[in-house]
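For the record, in the sequence shown the residue sitting at position 38 is 49 according to the working numbering, with numbers rising by one throughout.
Quick caveat, the hints were computed from the structure, so don't treat them as lab data.
Computed from a predicted model, the values in this text were never measured in an experiment.
The reader is advised that the hints may include incorrect statements.
[What the hints assert, rightly or not] With a straight-line Cα cutoff of 30 Å, these simulated BS3-like cross-link-like pairs (lysine-lysine) come out:
hint : residue 1 : residue 2
1    : K148      : K179
2    : K148      : K83
3    : K83       : K179
4    : K217      : K177
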Amino acid sequence: MSTETKNKDILRGGQFLVKETPCEDVFTLEDLTEEQKMMRESTKEFVDRELWAHWERFEKKDYAYTEECMRKAGELGLLSVAVPEAYGGMGMGFVSTMLVCDYISGATGSFSTAFGAHTGIGTMPITLYGTEEQKQKYVPRLASGEWFGAYCLTEPGAGSDANSGKTKAVLSDDGKYYSITGQKMWISNAGFCNMFIVFARIEDDKNITGFIVENNPENGITLGDEEKKLGIHSSSTRQVFFNETRVPVENMLSERGNGFKIAMNALNIGRIKLAAACLEAQRRVLNEATKYANERIQFKTPIMNFGAIKAKIADMATNAYVDESASYRAAKNIEDRIAIRESEGNSHQEAELKGVEEYAIECSILKVAVSEHVQHTTDEGIQIFGGMGFSADTPMESAWRDARISRIYEGTNEINRMLAVGMLVKKAMKGHVDLLGPATAVGEELMGIPSFDTPDFSQLFSEEKDLVARMKKVFLMIAGSAVQKFGPDLEQHQMLLQSAADILIQVYLAESTILRTEKNAKRFGEEAQATQIAMSKLYLYRAVDIVIQKGKEAIVSFAEGDEQRMMLMGLKRFTKYTNQPNVVALRTQIADKVAADNGYTFD
12 MSTETKNKDI
22 LRGGQFLVKE
32 TPCEDVFTLE
42 DLTEEQKMMR
52 ESTKEFVDRE
62 LWAHWERFEK
72 KDYAYTEECM
82 RKAGELGLLS
92 VAVPEAYGGM
102 GMGFVSTMLV
112 CDYISGATGS
122 FSTAFGAHTG
132 IGTMPITLYG
142 TEEQKQKYVP
152 RLASGEWFGA
162 YCLTEPGAGS
172 DANSGKTKAV
182 LSDDGKYYSI
192 TGQKMWISNA
202 GFCNMFIVFA
212 RIEDDKNITG
222 FIVENNPENG
232 ITLGDEEKKL
242 GIHSSSTRQV
252 FFNETRVPVE
262 NMLSERGNGF
272 KIAMNALNIG
282 RIKLAAACLE
292 AQRRVLNEAT
302 KYANERIQFK
312 TPIMNFGAIK
322 AKIADMATNA
332 YVDESASYRA
342 AKNIEDRIAI
352 RESEGNSHQE
362 AELKGVEEYA
372 IECSILKVAV
382 SEHVQHTTDE
392 GIQIFGGMGF
402 SADTPMESAW
412 RDARISRIYE
422 GTNEINRMLA
432 VGMLVKKAMK
442 GHVDLLGPAT
452 AVGEELMGIP
462 SFDTPDFSQL
472 FSEEKDLVAR
482 MKKVFLMIAG
492 SAVQKFGPDL
502 EQHQMLLQSA
512 ADILIQVYLA
522 ESTILRTEKN
532 AKRFGEEAQA
542 TQIAMSKLYL
552 YRAVDIVIQK
562 GKEAIVSFAE
572 GDEQRMMLMG
582 LKRFTKYTNQ
592 PNVVALRTQI
602 ADKVAADNGY
612 TFD
């Protein structure tokens, strides 16, 4: 890591809400190194050759083909990007691991699920929590694709409440092994994995414990049938039953009772990687929809020429651009934080764990936003294809079904919304993020007389950045009042938290997009970034609408009388445009560019 990066005042997780970020400090896809660009191209070549060209096989529950493609990915080194070199991996930085996860995941949800389950929750817990002996024994095999991993956490009675699992681990009389007995469900890669990360409870411990369990059917391990699922048809998903499965004591992962912590930290990384896994899916769906709209003739003209289709194409392209901007901004923050910790003497394990944990709020924001955008994009893809989109003979139908699971994976979107706000409030209580000062200042501003001066918005994005700053004030106004009113009981008010989370999400996405475009306009010129500028302005317009809706919903639900009237006036003041954008003109500009390029060309 450069001295410049080390000395740069990198925002802590959640501080984007209360501190201004210069555009020069955000990382964008345009900042990729030549090595990263080559890695992206080789990943895309693999996907086009092995996955996209055979997408029908994944719809026909060809589990063997998924396994075959995973082995090929292993041979190309694509399973080892995040693994340290000491254990047979490439030891690449966090941005590079995001990049591979992004571009390998767009062709089919079946493969991206197998890839994510193996490289993430199947391998990562050992690299981050394993002993040196465990890492030397298992990680090189997992990195090469010789072995595949799976992760056994969920049970019939323990889904979102992961720590409530009933699977038991009983120590033998001679103290040499644990006997694990229990039932796990929704286990990705179960049908072809060689090793499980299993969570079980020892005696009446408060928290579960993690174990590395080799998949040996003669050791009390049986599998249920392949699950019948809405999507991800060729992702092997089975129940796994353990009946007094003997596991050597040296295969305990980390310490006794540390399983819940392992699971939660794995989810933090899994959330941002899930966001990455939804990016290329959006690009590919948009590309197919654009080609179809350019070729499909109705009323003697391509349907791309119709405003109704242009609106869809513009929104799909804008969502993809926004999601890239926010995802890679957070990924580089994490990478920089990891590098700082390593330079201070932390081990790679500790640095990565703490680095990702620092940005858990952003990880939850991205998981929610991008998973919902990919669902919208696939839905609009079907609509553009019309009747053919509903047919299983085109990839739109399978893309829509595959996208649906992403709102459930890695903690449901409802839980992640509450986590994002809850973690932010906790950070404020610990003094890691100063919410109280800015929230108090917003309260004082509401009591004061507003300025009637006409601001100078002549510079690019000056009005948009001012609006983002005021959107932050909306969140602070609502969250500050809610914390004051409900205190520690705030987490019981889930509907209020959901509304606050939606405001927080829009702030982060809109700001990330504007900062990316501002940075690129400064170095490449505004003319070269004309469409990106249009997308940034269009997304902010939509974000402001969401903030108005969710802000009003929250205010009228917990404030009354003068307080309610004052907050509603504040909401109106903080979300007011001086110069409203021409939304139809923005959408037309974006759609015309995508149509001319016959697809998405902004990554």
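Against the structure, the hints come out as follows:
no. : hint         : verdict
1   : K148 to K179 : holds (25 Å)
2   : K148 to K83  : holds (22 Å)
3   : K83 to K179  : violated (37 Å)
4   : K217 to K177 : holds (12 Å)
When the structure is compared with the earlier hints, a violation turns up for hint 3 alone.
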